[in-house]
Structure formats: C-alpha cells, structure tokens
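Between the sequences and the hints, there should be enough to build the whole structure, so can you do that?
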Amino acid sequence: MFQKANLGTLLGVYLPCIQNIFGVLLFVRMTWIVGMAGALESFFIVLICCLTTLLTSISMSAIATNGVVPAGGAYFMISRALGPEFGGAVGVLFYLGTSVASSMYIIGAIEILALYMAPSIAIFDDMFNNYRLYGTVVLILLCIVVFIGVSFVSKFATLSLCCVIISILCIYIGIFAASVDNSLEVCVLGDRLLTSESVKVNGTIWCTKNKTGPIFNHYCHEDNGTTICDHYFVQESNEARLVRGIPGLASGAFKQNFHNYYTEAGDIIGSEIPGSNRRGEIIADITTSFMILLAIYFPSCTGIMAGSNRSGDLADASKSIPVGTILAIVTTSFVYITCVFFFAACIEGHLLRDKYGESIDGGLTIGFLAWPNEWVIMIGSFLSTLGAGLQSLTGAPRLLQAIAKDNVIPFLNIFGATTKKGEPFRALLLTAVISEIGILIASLDYVAPIITMFFLMCYGFVNMACALQTLLRTPNWRPRFRFYHWTLSLIGLSLCITLMFISSWYYALAAIALAFCIYKYIEYKGAEKEWGDGIRGLAMSAARYALLRLQEGPPHTKNWRPQLLVLMKVDENLQPKYPKLVTFAGQLKAGKGLTIVSSVLEGNYIERYADSQAAKLNLDKLLKESGVKGFSDVNVATKTSDGLCYLVQNTGLGGLKHNTVVMGWPYGWRHTDDERSYKIFIDTVRNVSAGQMALLVLKGINQFPESNVKLRGTIDVWWIVHDGGLLMLLPFLLRQDKSWKNCKLRIFTVAQVEDNSIEMKKDLQMYLYQLRIQAEVNVIEMAGNDISAYTYERTLMMEQRTEMLQQMRVKKTEITLDTVPEEDTESSTDPTLPDRNQFTFTPQNIHKTKSTGQMGNNLFNVKPDNMNVRRMHTAVRLNESIVEKSHEAQMVILNLPAPPKTSAGEESYMEFLEVLTEGLDRVLMVRGSGREVITIYS
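For the sequence shown, counting from 1, position 515 maps to 529 in the working numbering; every step adds exactly one.
The set of hints was computed from the structure by calculation and includes no laboratory data.
Predicted, not measured: the structure shown is a model, and the values here were computed from it.
Be aware that one or more of the hints could be misleading.
With a straight-line cut-off of 27 Å between C-alpha atoms, the simulated DSS-like cross-links for lysine-lysine are [as the list claims (entries may be wrong)]: (1) K603 to K591; (2) K752 to K591; (3) K603 to K758; (4) K775 to K758; (5) K534 to K583.
Just the calculated beta-carbon pair ranges, DEER-fashion [as the list claims (entries may be wrong)]: (6) E286 to S168: 47 to 53 Å; (7) T501 to K758: 57 to 63 Å; (8) L65 to C531: 45 to 51 Å.
Built from N, CA and C at the ideal position, the CB exists for glycine as well.
Written out as structure tokens, the structure is:
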C-alpha cells in the first residue's frame, strides 16, 4: 500500500493505532459494561485503562527515540532495553497476546454475524458451538489471505479503517439524534426486563399482565382448578409496561445509570434474584464486578504498538512513533470516555444491561443507537473487526520470526524460515494454531482477560525499561522525546501489575510463571547476545553499590565465608593442569562465596598477551564444564613466583576480594634439581600468610572425586592447632555437596599425657554442639614434647638440618640407618606395614633413606640439643597416628605448619610435610589466618 520507509506520522502511526485500538469490544460490550458498572465506575474503568496505555506510550516514545528503531517494533525496543532474557520472555508473551487477540477479533466478528446480522445461519442450539464452527472457517480464510501477501492485507486495512471511522461518526450522530419519539420499546415487568420473544404473539408485543397475554402464562399456572402465580407477578407495584429503550440525552436516564448493577451468574440482570429463562427473564451469563469488567474492557485500549510495529516502514520513526501514538491514545480515550457518559445518558438502564439484545429481537444495542439504522454499525463493526483480526494474523508471525532470528530461544529457530516471497509460513501456522485455541474458547468474556494479561506484561516491561534506563543515567540514554520522567514509568508499571492482579490473580500468576520459565530457559541456554541493555547496566550499578558498601569495614564473624582464589597451573598447551582444583572449589559452593581461578604465564606481557587470553578462555571453559560460577584471570610475569604474589595481593575489587587461597601440592619436587619447584610453593605460602588469608593445599589432587561421584565413609579432621575454626567449617561446607554428603565427620585432637582426655573430649563435644556441627570426637594422647614441638616449634631451620647431615657424614656410627632404593612412598596402601612412616632425606648428595620401626630410638641417639630430630620424630609419630586412625577416611584435613622465615630450612620443611602426610590418599592441609572464626551465635 505504501512504499517502504516512506510513511509519515498520520498514515504510518496515527491511523493504524486508531484502527487497532477501536476494536470489537466497543461495538458489542461497551453498552453492557456501562449498564453493569454504572457511569461512575465505567468512567474509572476506562480512565485506568487509558491512563495505563498513555503512560506506556510515553515510556515507549522515550525508548523509540533513543536511537534508530529497525523492523521489529515493540519486541526490538524491549529486548534491546532489557536484554535477551527479558526481551525473549516478553517477546513471546507479546506474540501470544497478539495471536490470541486475532481469535478475539474473529469471535467478535462471528458474534456480530451469527447473533445480529444473520441469526438464521446458526446450526447448533448452543451459540458457542456456532462461534467455534464459523470462527474456524473464518480463521482459515484469513490465514489464506495473509499467506497470499501483505499487499492485500494493506488494502483491506484501508477499508477496515474507513468502516471504523464511519461507524463511530454514526454513533455520535445517533446519540444526539435520539429522542423519546423515535425510540424502540422494551417490555419490563416491575424492574425485570423480558425477552421480546416471550412477550410476542403473532409478531406483536403484548406487554400486559392480563390472563390473555403471554406474560401471565409465564408466571402463572393451573393446579387442580386453582390459578397459582409467582409472588413477584401478583404484586401490584410490579406492573408490566413498555419502556423507551433509547429515550435520548434529555430523558434523565443518566441518574438511573449512575451507579452499578453487578449480578451473579444465573441471576436476573440488575438484581440479586435467581431468574428463569422459562419466564422470559434475561439472565446474567457471567458474574460481574468492577475487576471482571476491567479485565474484559482492557483489550479495547490495546493496539498502541501498531505504529511501532511498522517502524521499519516509517520515514522518521523517532518522530512519528511518539506523536502518532500519543495522539491516537488521546483520540480513542476521548471517544471511550464520552461514550461512557453518552450511553449512560441516552439509553435506558435495562437495555444497557441486555448484553445480547434479547429484549430487542436479538439486535445490537449500539446499532439501534446509531444513525441512520443498525445496519451501518453491524456492517461497519463486522468489517473493522475482521480487519483487526487480519492485522493480528499478519503481525504475530513476523514478531515470532524476529524472535527466532535473534536466536535467543533455540527451539523457536525453525520459525525464522520464510518462503521465496519472504512470508513467514511456519510462524503463520503456529499463530493459526494458537488462534484456533482461542476460538475454541468461543466466549469474548473469557478470551479478553487472557489477552489482558499478555499485553499488561508487555506494557509493564516497557515502563520498567524506560524507568531503568532513566535511573541508571547510562551515557547511551539520550532520547529525543523529552516529555517523560521515571516516575511516570514507575506509575505505569505499578498500574500494569495492579491491573493484572485485580483482573484475575490466577491468570496473572500464570503469565508471570510463563515469563519466568522463558527467562530461565534463555538464561540456562546461555544468552550470548550483548545489546547494551538496561539489565546489564543495572547489574553494573548494583555491583558498584555493593562493592562500595563492602568497603565500609571487614565482614562480621557471622558473615565470614570462604572467598576462593584458585591458583591453577597450565601446561604447555595452555590447558588447566589440575582441573579437580576447580571441582573442589565448586564443592565448597555452600559457602556462597566468590570463586576466582587464576594462572600465571612466564614471559613478556606484550609477547604473551594472546597466550594469556587463550588460557583465560580455557579457564572459563573449565568453570562452565565444572558447573562452578566464578571468574577467571591470567597474569603474565617475568617470574612465576612474582606473578603468584601479584595475584594473591591484587585479585578482586574493593571489598569483594578473596580471603582463601586454594592450591595444589608441588608434586615431583624431590625428583628435580630445580629448587624452584618447591620455592615457588613456599613463597606462595609466605605471601598468603603475610596477606592474612587462609590457605588450602590439596595433596593427592588426582584422587579427589568428580562432581558426579558420591563418596561414603568419613572425613577426618586432625585438629592440632586452633586457628579460628576453619578446620571445622570446611568439612561442614563440603558435606553440603552431593559428593561428600554421605560422609560422616570425625574430629581428632591431640592431648598431652598429663591432660584430662575425658574432660577434653566432653568440652570439645559441647563446643561442636554449640556450633551445630555433628561429629564424632576422638582424643589422641601423645608425649608432651611431641605436641609442643608441633604446636610451638613447627619451623625447621636449614642450618640445623645441614649440621645434622654433616654429623651423619662424619659420625656414621652414631646413627644406624638402612639404606634402601628410592620408592614412591605414596604407593603403599596397607596401614599394617612397618615401613609405613618412613623418614627420607632428599639432598642431591645424600642417598634416600627410610626408617624402620627403630627409627625413633635411633634418632634420640643424636645430640640432645638438635631439635631437628625431635621435630622429624614428631612428624613420624603424628603420621603413624593419622594412618592408624584415618587410613580408610575419604579425606584427611589437618593443619599446615608455617614455613621457615628464611630460605635455610625450606627443603627440610617440605620433607617434614611429606613425612606428615605419607600414606594418605586425599589430604587437605589448612592454614588459617586466625580471622575465620565460626560463632556459636545465630
């Protein structure tokens, strides 16, 4: 009809909006709504609905003028303003609303045809079955027309628009021309309106209570020669009389129609008394109330996005959409509000409440009001309603096609295909199926509330998008339309939500649930679209606000949770070397803390930038595959130890920083000449301790379970040093994960010989009870010098170890040690073997040695002032106890001693830890900072 991108405000926006807003409900339900709700409440119904659409159009105008709006209209604006998740969800709801709206228009057209224009075409006694049959036929015909091409639809739209305008003009002329002299008459008994069929005899109305009249026969009957009449009939005040149905503006009918006449289904219209069709009384087919009528009426105000849907055809969309849409809403609102008062002023109340015109031979009430006769309205409303249905069947498939092309909902992608002519045939078929479902409902009064929910959801999100963009004040938010404010958008959003729930709370919940499911589906599938939307901006603002709040001070004891920095080594292919570190971090997710996985690449940043990005992608992939929500980071440094130090210091932002570092044990440090293999580890331990952070070191990482493996057994905690309770908290968090939840917790603590072990056990049990942690408590007694050596003198000095080795070289006779070949000390699994706890020296120039069962006694032959022997003996004794008690445990958790302050004792420190953990499959060594306090208080 028009050339592309050549439409102005009048033809491109204003008139299409007028055509879509003026729908079938104006012609077939408006008079009934006024009669039931009364002039006052009808005014508020119209005002609320029109105000909602006006505020929505203001928000839409701001969005539409903030940049170029290509084809796609409302869906494009919502999705680009709120993101793919909200955009996809609201887009689907908008599509469903448009599809169901087509069925509403078709049902309305068939109601006009079968009830008013040609009642003889009815095949079934149940009128709804006639609606279903003829509605399906009309739907098929309209789909064929749509498939033929848009050109015919555009031509028919012009005819439909003319019909709408002419019909409304005829209504206004009829309103002012109506008078008592030329008005039709209806029969009323008391305050009960009777059907014309029940009071006619040979085509003549007999509105009298005489025995010869039909009304007497409806209310009276003979019983054994006695005439028994209905109590209401015999009351003298309830006279049968003919009343002018449309007496005109000067009749004083407005006062009568000012208040509401709500009724329950089955009652006589306008009363609370059950009625009977057998007596010719007109019965309410549905229950009416302010909320129900509001839901039925609201679709009369929809269609405000008809102009934005043509955005691709507009010469200047950012100018035409605001002006055309707002003018169309103002125009239609004026018509609706004036019609409310004019209908209440010139139509008799009983006739207003006669929904299907049963008192006027099944005629259309508004048709008898219009000038010159009812056929103008019937033909005009029929054609305009068909045109609106045709527009819906044309727009809905294209909306679905736009959603499919965005590829945010994968299962809808098949509807993105088009024919050679560019017609979305598959989308049209789906639209026809949805429309047919609406037609099978067959009742306008039940279909309209469904449409109300879909469109209110859509309008609500338009308002939310505008308010969000305005409040965030993003640099890109620069709409040309200036007459908007975020408060108006919030009022519009509030109205939409309120209307949804007061209209039908269960429909509202269903629509919200559907939108939520679509949102989560898009989120689950991974919406990779980045449209610079407001939700991303909101997330950034919320994150900024939260980070600033976190900087106000350290977290309270009750709020402490492990914020993890996982130090991941990558191989020569830039792939993570120990992916189970991330799996373990994910198993601690019950802490609801931060997870950051970081790596260090050695070299020059400029030269290795590409490698760092590739490694980061691999870390991101690992996080996704492991199901761990977190972040990744890769640092390039000239030295690995320096890079790890930078990560420990600087990872995180503001108050959202890690407080716990997770790393693996440096395997193979014994078998290499490069001392960096353990120096990097020890330097990292020192750096973490200096930063007052907790440290988790996993030994036997390859033995740790995958996320889908469920373990049974025990988690044994060897609580040697009380450092804030982190050793208690970690197994509790692990047991919240499915991999560890079937494992029981056992606590082992070490006591000196002179301690009261029984009392210590009771105290520890009470402490665990107050912490709400269920665990089995065991107290292990060891010699006092052993425990003090581990607790207070944990560091091993390199000078002492060197002196001991020199003495061993000079005085080999003082210590008798069996020399054995080098073995993999972790390969043994039998806890009963005597060589389980071997003591091995690893300098290059010393042979590998291991102790026998006499090792402890031999070591005490060393000079008494050499504490190294006592410390190593302590490690052996502790290891013996741990292996004896925990050799079948699924995991052993124990304290990690502090490293030596100087580099002299580093190798001995590593040897000490090897001996301490020898023969254990899964070991978690924990070093707390002292700040990870778990509290007994709620």
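Item to check | Outcome of range test on Cβ distance (L65, C531; 45 to 51 Å) | outcome: With a Cβ separation near 31 Å, L65 and C531 fall outside 45 to 51 Å, so the hint is violated.
Next on the checklist: Just to be sure I understand the hint, the distance between the Cβ atoms of E286 and S168 should be within 47 to 53 Å; is that true here?
Outcome noted: Since the Cβ atoms of E286 and S168 sit about 50 Å apart, the hinted range of 47 to 53 Å holds.
Item to check | Pair hint K603 and K591, alpha-carbon separation not exceeding 27 Å | outcome: Since the Cα atoms of K603 and K591 sit roughly 22 Å apart, the hinted pair holds (cutoff 27 Å).
Checklist entry - CA of K603 to CA of K758, is that 27 Å or under? => result Answer holds: K603 to K758 is near 19 Å, not above 27 Å.
Item to check | Verdict for T501, K758 (Cβ pair) under range 57 to 63 Å | outcome: With Cβ atoms ~58 Å apart, the hint holds.
Next on the checklist: For K752 and K591, compute the direct alpha-carbon distance and say whether it is at most 27 Å.
Outcome noted: holds, 25 Å
Checklist entry - K775 and K758: Cα distance at most 27 Å? => result The hint holds at about 18 Å.
Item to check | Proposed proximity, K583 with K534 (alpha carbon, max 27 Å) | outcome: Since the Cα atoms of K534 and K583 sit roughly 34 Å apart, the hinted pair is violated (cutoff 27 Å).
Against the hints set out earlier in the document, violations occur for numbers 5 and 8.
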